[in-house]
Structure formats: structure tokens, C-alpha cells
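Q: Using the sequences plus the hints, can you model the full thing?
Protein chains: 2
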Amino acid sequence: MAKSVNWGILGCGKIAHKFAQDLMKVPDTQLVAVASRSKEKAKDFGRQYGVSNCYGSYEALVNDPTVNACYIATVHPFHKEITMLCLNHRKAVLCEKPMGMDQEEVKAMIQRAKEKDVFLMEGIWTRFIPAVGKMLGLIQSETLGDVRSVHADFGFLGDQDRSNRLFNKSLGGGALLDIGIYPLYLSLLVLGYPEDVEAAAQMTETGVDESCGMILRHRNGAVSSLHCTFMTDTQIEGWIHGSKGSIKLHSRFHHPNKVSIYRGGEIEQTYNIPYIGNGYYHEILHVNECIRLGLKESPKVMLNDSLNLVKMLDEVREKIGLVYE
Amino acid sequence: MAKSVNWGILGCGKIAHKFAQDLMKVPDTQLVAVASRSKEKAKDFGRQYGVSNCYGSYEALVNDPTVNACYIATVHPFHKEITMLCLNHRKAVLCEKPMGMDQEEVKAMIQRAKEKDVFLMEGIWTRFIPAVGKMLGLIQSETLGDVRSVHADFGFLGDQDRSNRLFNKSLGGGALLDIGIYPLYLSLLVLGYPEDVEAAAQMTETGVDESCGMILRHRNGAVSSLHCTFMTDTQIEGWIHGSKGSIKLHSRFHHPNKVSIYRGGEIEQTYNIPYIGNGYYHEILHVNECIRLGLKESPKVMLNDSLNLVKMLDEVREKIGLVYE
Numbered sequence: 009m010a011k012s013v014n015w016g017i018l019g020c021g022k023i024a025h026k027f028a029q030d031l032m033k034v035p036d037t038q039l040v041a042v043a044s045r046s047k048e049k050a051k052d053f054g055r056q057y058g059v060s061n062c063y064g065s066y067e068a069l070v071n072d073p074t075v076n077a078c079y080i081a082t083v084h085p086f087h088k089e090i091t092m093l094c095l096n097h098r099k100a101v102l103c104e105k106p107m108g109m110d111q112e113e114v115k116a117m118i119q120r121a122k123e124k125d126v127f128l129m130e131g132i133w134t135r136f137i138p139a140v141g142k143m144l145g146l147i148q149s150e151t152l153g154d155v156r157s158v159h160a161d162f163g164f165l166g167d168q169d170r171s172n173r174l175f176n177k178s179l180g181g182g183a184l185l186d187i188g189i190y191p192l193y194l195s196l197l198v199l200g201y202p203e204d205v206e207a208a209a210q211m212t213e214t215g216v217d218e219s220c221g222m223i224l225r226h227r228n229g230a231v232s233s234l235h236c237t238f239m240t241d242t243q244i245e246g247w248i249h250g251s252k253g254s255i256k257l258h259s260r261f262h263h264p265n266k267v268s269i270y271r272g273g274e275i276e277q278t279y280n281i282p283y284i285g286n287g288y289y290h291e292i293l294h295v296n297e298c299i300r301l302g303l304k305e306s307p308k309v310m311l312n313d314s315l316n317l318v319k320m321l322d323e324v325r326e327k328i329g330l331v332y333e
Numbered sequence: 009m010a011k012s013v014n015w016g017i018l019g020c021g022k023i024a025h026k027f028a029q030d031l032m033k034v035p036d037t038q039l040v041a042v043a044s045r046s047k048e049k050a051k052d053f054g055r056q057y058g059v060s061n062c063y064g065s066y067e068a069l070v071n072d073p074t075v076n077a078c079y080i081a082t083v084h085p086f087h088k089e090i091t092m093l094c095l096n097h098r099k100a101v102l103c104e105k106p107m108g109m110d111q112e113e114v115k116a117m118i119q120r121a122k123e124k125d126v127f128l129m130e131g132i133w134t135r136f137i138p139a140v141g142k143m144l145g146l147i148q149s150e151t152l153g154d155v156r157s158v159h160a161d162f163g164f165l166g167d168q169d170r171s172n173r174l175f176n177k178s179l180g181g182g183a184l185l186d187i188g189i190y191p192l193y194l195s196l197l198v199l200g201y202p203e204d205v206e207a208a209a210q211m212t213e214t215g216v217d218e219s220c221g222m223i224l225r226h227r228n229g230a231v232s233s234l235h236c237t238f239m240t241d242t243q244i245e246g247w248i249h250g251s252k253g254s255i256k257l258h259s260r261f262h263h264p265n266k267v268s269i270y271r272g273g274e275i276e277q278t279y280n281i282p283y284i285g286n287g288y289y290h291e292i293l294h295v296n297e298c299i300r301l302g303l304k305e306s307p308k309v310m311l312n313d314s315l316n317l318v319k320m321l322d323e324v325r326e327k328i329g330l331v332y333e
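Chains as they are written, first to last, in the working numbering: chain A, 9 to 333; chain B, 9 to 333.
Calculated directly from the structure, the hints in this document are not laboratory data. The C-beta atom is built at its ideal place from N, Cα and C for all residues, glycine as well. Some hints here could point you the wrong way.
[To be verified] Per label pair, the in silico range of CB-to-CB distance:
1) R227(B) <-> A68(A): 20 to 28 Å
2) Q148(B) <-> R45(A): 49 to 57 Å
3) R227(B) <-> G273(A): 33 to 41 Å
4) Q29(A) <-> G272(B): 30 to 38 Å
[Claimed, not checked] Cross-link-like lysine to any residue pairs, in silico, SDA-like; alpha carbons within 20 Å at most:
5) K252(A) <-> H294(B)
6) K327(A) <-> G229(B)
7) K327(A) <-> E203(B)
[Stated by the list, open to error] A few chain B positions that, by computed beta-carbon distances, are all more than 12 Å from chain A:
8) K142
9) Q168
10) G221
A: So, in C-alpha cells, the structure goes:
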């Protein structure tokens, strides 16, 4: 009989709701507990999804024996501390991206997961979007020839109020960690760890990046040209250009429901591949499978991938002078 | 009566043909002479366009009293020398881009034009494409609000034979000077001279850049994300994103015949504005007008614009270690 996967969600923000909504669609799994620093908030959240165990502290949730998988949905600066707490209680952890604020944090988290022999994965949900899988299949089948460039931009004109979390350094604000991670991950997924990274950013008076451009040079001769911003709506498209053709990940490229092949500037074929729910459904399915199989690491988003991703973030941060205390 | 503009073309390559074809369409102007280092080549060229004065040296052409405007269509490393020759003979000069190999060359050329009181303009033909003018009008009319980012890419999968001029350092090869100048010029035109420039390139074994990514940070808070490559076909689109909307310059963005306004990711309006001939027609019309008016500098592509453009090229070259002897 399949092992039951009983989820607890830690943090009750926007992303926790999206995740919970998708969790409801996944068979043979339950949302059994939810925690927030505010018990009221946890209760409100739990009520919406029929969860009985609603806690006013993360410590209470990790002590709940009915929970065996935890989803960390807090703001970035608390990811490490809460993940450590879960791992110490031998709960499998899916930690929202970015896994930690820097590579030191991520290394410590990976180390702890290994010591405790517990499953840990970064919540790079985009990897499990069916159309992204299709893109990888097309690249592997040599549809593009050699990949020579990756272009991706993620920009939206957000609330420009500087008191917003997005601009708050102590809450891990800035475009890079919030949305720049998506174009960077696309580059990592398609081209691997780069040979070098150049970046330039516009910083706010609150000390975070409101726009950041990145150029990655790869060992195999390819170049990635990436951009993220809170200051304007961009196309949010992903392009992979090869020696024989191109792939477009339609907007929004990190969870596309359409992938097109281009040759000579013209569309050759478009695949319509919808995702389910908010797109987290596919990630949840995968994590459940990993847990049921007793894996301690996902074969699709490996711990080393997360380490490489945060190393790229650290390199960009160094170039643009983005420092979190 | 309007002053007659009698053109001479120096250099008989691909671009000289495109220019000559368009010149035939312009009223009240003649192609009266053509020169190449090879007299045979000049004669072949002249025959195609009904030119009687075909010279086997640039010196011979500048001594032809019937010529009053010279178009320099040679490879980049000879632009300065031949432009100086023309200016010394008080011929008006339209010099193909890039005007010189570096800012020292361009400064010297501008200096000479001023000393000799002769018209000089860099052949940034894209500035005169009607759809590019439309784009500027839309930006000036606040259609986009504040401009916050410029994205442009220019990539094509060229002949990969390393003996090709594109990879030949002594002929000014490399993607940056050849095609990277177009996204850089778009950024300069829309956002002005940047505050700083970051770049990364893949260099060939022949010592030139085959791909180059650039990030420009501007004083007004905007970021340009630009890319050029000989290694893959890219979209060759230009995007200007603002606080209230976006403009797309359709492929190929440097001489588009379509400009679209986007709001919230959807096309609001598309303007179909064809250009005439190969697109050089409009530039020729403008230069003729400048010459007839007795101007020594174009009000649309000013000498200082050319100096700023080559300064940007020099900055990128420094970052990527691209050195021409």
C-alpha cells in the first residue's frame, strides 16, 4: 500500500494558498496541518481548506506526528531556520525558492538533510510544468542542434510603494531573489553552470535591486541574456536558440502552457500543453512520489542544482552589490 | 534651384549594392562615380547602375570634380582613412557604421570635418526607417509613460567558416561591431548614454566575439538588455518597456515595417509602416536634404551621437577583451 503523504504548510501567504489549492487536486494526499506565527491567520487559512490542525507556531507543527511532509512558504529569510526545524524533526521538506539567502545557508540545509537522512527539495515548481518537460525533450532530441543562447525576461510593474515586501531588504526583497531566479534557473536547466556571470542592476533607496540584467557565458560557447524587473511589464518569454532552430516558452515562460518550435524566424509547430491548477499540482505529485519511494533527493531538482542556483544568485549579488544582513 | 547631389560610392561590397539600388529610387540625385581597389570590380559595379566614372583607387574618385557626396562602404578598418581622404577633398561624407574602429578614430574624423567645414554623418540608416520614427513619436507622446527597459537581440547563424570576413580580426570582424551596434544604437536613441556597461562574450580562436551580451544601466533608472551573435538565429526584435505599456519593433527591429503597442501583455495597436527599397532610401533622402541646406551635420544622427555610440562600443570591447591591432 502506498505510503500516505500528509502535508503541513508553514507560512500562510499568497503562495501557500496557491499550493493548498493545488494540493486539494492531488489524489491520495492530505493537507493535515498549517502553521503561522499568528494563530488567527493559521485558523483562517485552515478553515478554507478543511484543515483541523492549525498552529500559531512552526514548532507546534513539527511536533505534530500526523505530518510527514512540510511545505515552507514563508518569506525567504526564514527558509533556512524553518527548514532546519522540520529536518530536525525528520519531516520531508519542500522549501519554496530561493531555498536560502546564500550558498552558506543552502549548504547547511543540504548537510542537515543528509545527516538526518530526510527528503529535501527546493520548490522549483517550474521544473514540473509539463510544457517545460516538453522543451527538455525537444532539446534532447536534437530539434535545435546545439543550444547557443537562452533569453528570458521576467518583468512586471508592481506596486511601487517602497514599504511593500518586494522592496524590503529585511524580508529578502528585490527582483533578483523574487523573480530573477526564474530566468537564471532556465539557463541552469538548459545550459548548466556558467563559466562567468556579468550583471548590472538599478538599486532602490531601500538597498535592493528593482531591475537586474544578467549575461552568462557558458563553457560550450553559449550565452544567456536574462533580465528581471519590478519596474515594467516585459514579455516574460523564454527563448532557447540553437544551431538548427529555436524554442519559445510562451508567456509566462516559467509556467507556460504553450511551447513553439521556430525555424528561420517562422513557427514550425506549437504544442499546447496545459498545466493543472496553479501549476504546483505537478510538483506536489512528484514530491509525493519521491516520498513514497523513500527517496531523500529528487532526481529532477537535485540538491546540487539548488546549490548551483544559489551560487549563481550569489555571483550576481556580488556584481550588483546586493547585500542582505 | 536645388543643389544637385552627385554621389560617389567607395567600396563595392554587398552594402554598396543595397545603397546603390536605393539611390536609383531617389529623385534629383545621381550616382556619378564608383571606386574600388580593383578597377575591374569598380567597372562591374558601375555597369549595373549606369555609372560612367569607375575608378581603381579611392584617390582617383576624390579627385573627380563631379562628385560632391561620398558613401564609404568599405570594411570598418578602412573607414577612417578613406573618410579623411574625402574630407580633405571637401566631399560630403556618409560613412557606413561603425564610423571608426574606436573613439580616437571617430574623434579625429569629426575634427577633420569641422576643420574642413564639410558634412559628415555615420550611416546609421536605421534612424531614418519610418517605423523607427513612429516609435520615437510614440515615446515622446508619453504612450509608454517612463521608459524602464530596452531589450533587443540581433543574432543570425552565419557561415561558420572561420576564414569568413565576419571572423577576421584584421578586417574588423566580430559580432559587436557588425550587428551589436544595432541594439546598442537603439538603447542610445531611446535612453541616451548609459551610466555603466557590463558585457560578456564568447570569443573565437581568431580573437573576435562570436556572441556578446550587454547590460546597460541608465541614470534614469532604466536597464537595457542586449545581445548579438553569429552563432544562432534569434528573434531580432526590439522592445521598449515603459511604466504604462510597451512598444515592439517587429523583426528585424533595426529596419522594421511594423510597430506595435502592447498593454498588459496584449497588442493594443499595430502600425504597418513599410520602408522603401532596402531601407537606405530614407537615409539618402535625409543626407541629400542636409547637403542641399548646406548643413555640416545631420540634426538626426549628430556627430556627438556617433561619438557616444563608439564610446559604448569601446566600453563593451574593454569588458570582453576585444582588441583590434
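Q: Look at each hint and say if it fits the structure.
A: Going through the hints against the structure:
1. R227(B) <-> A68(A): 20 to 28 Å: violated (51 Å)
2. Q148(B) <-> R45(A): 49 to 57 Å: holds (50 Å)
3. R227(B) <-> G273(A): 33 to 41 Å: holds (35 Å)
4. Q29(A) <-> G272(B): 30 to 38 Å: violated (24 Å)
5. K252(A) <-> H294(B): violated (40 Å)
6. K327(A) <-> G229(B): holds (17 Å)
7. K327(A) <-> E203(B): holds (15 Å)
8. K142: The assertion about K142(B) holds, with a minimum of 20 Å to chain A.
9. Q168: violated (9 Å)
10. G221: Label violated. Min Cβ-Cβ 3 Å, cutoff 12 Å.
The structure shown violates the earlier hints numbered 1, 4, 5, 9 and 10.
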